[in-house]
Amino acid sequence: AQSVTQPDIHITVSEGASLELRCNYSYGATPYLFWYVQSPGQGLQLLLKYFSGDTLVQGIKGFEAEFKRSQSSFNLRKPSVHWSDAAEYFCAVGGPGTASKLTFGTGTRLQVTL
Amino acid sequence: SAVISQKPSRDICQRGTSLTIQCQVDSQVTMMFWYRQQPGQSLTLIATANQGSEATYESGFVIDKFPISRPNLTFSTLTVSNMSPEDSSIYLCSVETGYGYTFGSGTRLTVV
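Just so you know, the sequences run in chain order B and F. Counting in the working numbering, the first sequence tops out at residue 116, every number present. Counting in the working numbering, the second sequence tops out at residue 134, every number present.
It is worth saying that the hints were derived from the structure and are not from the lab. Mixed in with the good hints there might be a few duds.
[To be verified] SDA-like cross-link-like pairs, simulated, lysine to any residue; straight-line CA separation at most 20 Å:
#  : chain 1 : residue 1 : chain 2 : residue 2
1  : F       : Lys-29    : F       : Ser-103
2  : B       : Lys-103   : F       : Val-84
3  : B       : Lys-103   : F       : Phe-83
4  : B       : Lys-103   : F       : Phe-88
5  : F       : Lys-29    : B       : Ser-5
6  : F       : Lys-29    : F       : Arg-92
7  : F       : Lys-29    : F       : Thr-39
8  : B       : Lys-70    : B       : Ser-5
9  : B       : Lys-51    : F       : Phe-88
10 : B       : Lys-63    : F       : Val-84
11 : B       : Lys-103   : F       : Ser-103
12 : B       : Lys-51    : F       : Arg-92
Every value quoted in this text rests on a predicted model; they were computed, and no experiment measured them.
Taking the hints into account, I'd like the entire structure generated from these sequences.
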């Protein structure tokens, strides 16, 4: 069965500091991996995705993530956090094909201090 | 990527009643997925809806409580039946188009 672990429930960083959100997954084959962001009262927005190829993936809003198969990880990074990045971040794993379902981690709430 | 129109965006309902949530996609998709996000929680898959066949429900979810319709390749509805306060959640639909999973904006349901 597929699963996702986000070990950090809540992270606080100062504006301008770097950020890394951790994500570990379990999947029986090559996974499709995603990071979504959810601002309060908002829907889910896709930040980036990994399907295959280059293991360093660039996304929107200056985010990037690195797929490490040996560690079953897909950590999200940003070199300099902005106050508007405060939100809930979800890592998710799925498989190829339109019939594949997504499994989400429990999320990491990011707080940004000024 | 696909654009999903989901409605209503929010509702407050009396216990014992039912609410039907609609999702319209701007392109034809094979599968549509329905998720629930309970307050302060992550997303949990309720069911997968394939056009022309019965939806496939995840463990813990049953058709009598969450009936789903999928009349064509661009539309689906989820009904939350005989509601109780425990059903207060955000309900989201999603599709996968080969470029990633797109989500509707969600329906925030409060049962009183």
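Tested hints:
At roughly 17 Å between alpha-carbon atoms, Lys-29(F) and Ser-103(F) fall within 20 Å of each other, so this suggested pair holds. Between Lys-103(B) and Val-84(F) the CA atoms are separated by roughly 18 Å; this keeps the pair inside 20 Å, and the hint holds. Among the hinted pairs, Lys-103(B) with Phe-83(F) is consistent with the structure: their alpha-carbon atoms are about 15 Å apart, no more than 20 Å. A C-alpha spacing of about 18 Å is found between Lys-103(B) and Phe-88(F), which places the hinted pair at or below 20 Å, so the restraint holds.
At roughly 30 Å between alpha-carbon atoms, Lys-29(F) and Ser-5(B) are farther apart than 20 Å, so this suggested pair is violated. A hinted pair counts as satisfied when its Cα atoms are at most 20 Å apart, and Lys-29(F) with Arg-92(F) qualifies at roughly 16 Å. Taken as a hint, the Lys-29(F) and Thr-39(F) pair is honoured in the structure, with Cα atoms around 18 Å apart against an allowance of 20 Å. Restraint check: the Cα-Cα separation between Lys-70(B) and Ser-5(B) comes to about 16 Å, which is no more than 20 Å; the hinted pair holds.
For a cut-off of 20 Å, the pair hint linking Lys-51(B) to Phe-88(F) is broken: about 30 Å separates their Cα positions. Of the supplied pair hints, the one linking Lys-63(B) and Val-84(F) is violated, its CA atoms being roughly 39 Å apart against a limit of 20 Å. Distance check on the hinted pair: Lys-103(B) and Ser-103(F) sit about 24 Å apart at the alpha-carbon level, beyond 20 Å; violated. Between Lys-51(B) and Arg-92(F), the direct Cα distance comes to roughly 28 Å. Violation of the 20 Å bound is thereby established for this hinted pair.
Hint violations for this structure: numbers 5, 9, 10, 11, 12, all remaining hints satisfied.
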